[in-house]
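Visitor: Residue numbers (the UniProt record's numbering), protein chains in the order written: chain A, 1 to 240; chain B, 1 to 441.
Simulated from the structure, these hints should not be mistaken for laboratory data.
Keep in mind that a hint or two might mislead.
[Claimed, not checked] If you want a taste of the chain B side facing chain A, the calculated C-beta under 7 Å gives, among others:
id	residue
1	76
2	77
3	78
4	80
5	117
6	225
7	262
8	316
9	330
10	331
From the three backbone atoms N, C-alpha and C, an ideal C-beta is built for every residue, glycine too.
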Amino acid sequence: MSDETSGVPASRKEQPHREIPVEVVGRRQGMFGSQDSGDTSGFGGLTAPIALPGASSRPYGGYFDEVADELEGALEEQGLVVTDVIEKTVVDRGEATFHIAREHLLATVRTLRDDPALRFELCLGVSGVHYPHDKGRELHAVYHLRSITHNRLIRLEVTAPDADPTVPSVVSVYPTNDWHERETYDFFGLVFEGHPGLTRIMMPDDWLGHPQRKDYPLGGIPVEYKGAQIPAPDQRRSYT
Amino acid sequence: MSTEYEVGARETTEGRVFTVTGGDWGDVVEAAARADDERIIVNMGPQHPSTHGVLRLILEIDGETVTEARCGIGYLHTGIEKNMEFRTWVQGTTFVTRMDYLTPLYNETAYCLAVEKLLGITQDVPERATVIRVLMMELNRISSHLVALATGGMEIGSTTLMIYGFRDREVVLDIFELVTGLRMNHAYVRPGGLAQDLPPGAVDQIREGVKLLRSRMHEYDKLATDNPVFKARLVDVGHLDLAGCLALGATGPILRSTGLPHDLRKTDPYCGYENYDFEVAVADTCDSYGRFLIRLEEMKQSLRIVEQCLDRLKPGPVMVADKKIAWPAQLAVGPDGMGNSLDHIRKIMGTSMEALIHHFKLVTEGFRVPVGQAYAAVESPKGELGVHVVSDGGTRPYRVHFRDPSFTNLQTMAAMCEGGQVADVIVAVAGIDPVMGGVDR
């Protein structure tokens, strides 16, 4: 028996490597996270991954299972492969996040809005998040959807690489996202394809860069306070 | 051509542009129409008294009729969300309080609820802190609605309504000043609880304030509710039905004016709202008049909630017990306003090295928040105020995004105004009640 030869119990062998369900988006160094001066604590060599909560398995709890069942059923009816559309589902702190493949976003939100058992009538906009170290998925677009009919709230998350920063626009389904997508484009450079008029909304039209990306500096000047020079906020000693 | 207004014209790549100062709309439109150009685009704002701050309305008009309307926003963008990524979690409250400056306590509470959710201490926030949060928020709802009524009244020529509104708002602001030290930009609600407890005499002043405000509520009814001139300006103006509201994401009084009693305090209660006895105000007129009636009724309901809060106040802490999160500083009112309590500074500097180290670490470095993201929403006077907070496990927010109701509601301006009269644009925008500090952030 192979079990005896390798000395590994059969139950472990059947699941050769159980993937740790986390999503690493960065790395933290040292004891205190200070970067601008030497770490004299002796723990300067520590590194720890920054890992977002990983995929959850069923049951998700609460109404999340019902939403997932209905959504999966409706997607299958449309001839879509569920695992292609929903990359993973994360349930964390009482909130469910469905990670949707960007090419299927529009079909998903239309289903979520129109299916009588889902009926997420209200989209609460889109919030961009930039993870420069999440290679190949640097830009995240996060949508919150509220169902007034069923009194539910879920979150959708879509990612796009910096090299191809495009996500389909959901304005055709949720017109409210018109300004929200313009804001996210303005601040993150995420291009919402199919938006009726994707222009900057907060920054001047001729502004260069997208200010809320992590590679865009905050800027600022030193100020004098009670006789001392206080450096600009992003130049101060900090512990991230 | 001698007139009391002046029309300056210059040629641009967009066509002929007129700059008009003074005069009556009728004359302005007539003069512009004489210029043999059928399409007239009027820029209203960003510096116009009736646009609620630096809002720019771009109106295409045909005679007195608005054929197309667009908003230009961003004049008050201050990069608050970006700035918060460079400050500690606690410092975040001092930023968010400045977003929608008429609803500072809602911004603070929504942000703190999201941070508390990330920390997993939602259940640990002391009862007294939660009751005071509700109390302050409901007082804030009254002051915000009073400004909405006051400025809305002023814009249609009812300066009495303006004087009444600002007079009564002063009652609320005096309470805020007593409790938080400031009339606005309070930074009173902190992750884990409150900056400090109610000062002596606050409960009495709030009770008296509630009594005074309640005795004055009927004045608005007398002055405006059945006033034929007021109704003539507001009824059927700024029409937006339920389907339009949901498509455009409008919440708050705009959504409730379509007859849908959607209020997060009832549907998705936070801060223990399920334990308070109050009604959700609705109207079925879908217009500015309905929104006015809703605001009036909501103020009366808020007074009820404030009284219930006062009855519920029990002595106790106002900050979580976890010393790794609870802000160590103590505040006191000094000669130059609210600041660090000198007694507390003397104590930690002079008697306890450990307290000093703890204070120093928590104030300079701050606490760490576990990795993850959270969304918290409160029913602000303008609608659903949502906060999306992301943490990378550090001492500063990785990303904070505010879904400000003013921002979303302002999108409905075009749907409400197109096809209507120029004068009705003012009424419709007043019914939306946008605050540009919240819109632009």
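Visitor: Against each hint, give a clear statement of whether it holds in the structure.
Guide: Verification of the hints:
no. : hint : result
1   : 76   : violated (9 Å)
2   : 77   : holds (4 Å)
3   : 78   : violated (10 Å)
4   : 80   : violated (11 Å)
5   : 117  : holds (6 Å)
6   : 225  : violated (29 Å)
7   : 262  : holds (6 Å)
8   : 316  : violated (26 Å)
9   : 330  : violated (21 Å)
10  : 331  : violated (19 Å)
The structure is inconsistent with the numbered hints 1, 3, 4, 6, 8, 9 and 10, although it conforms to all the rest.
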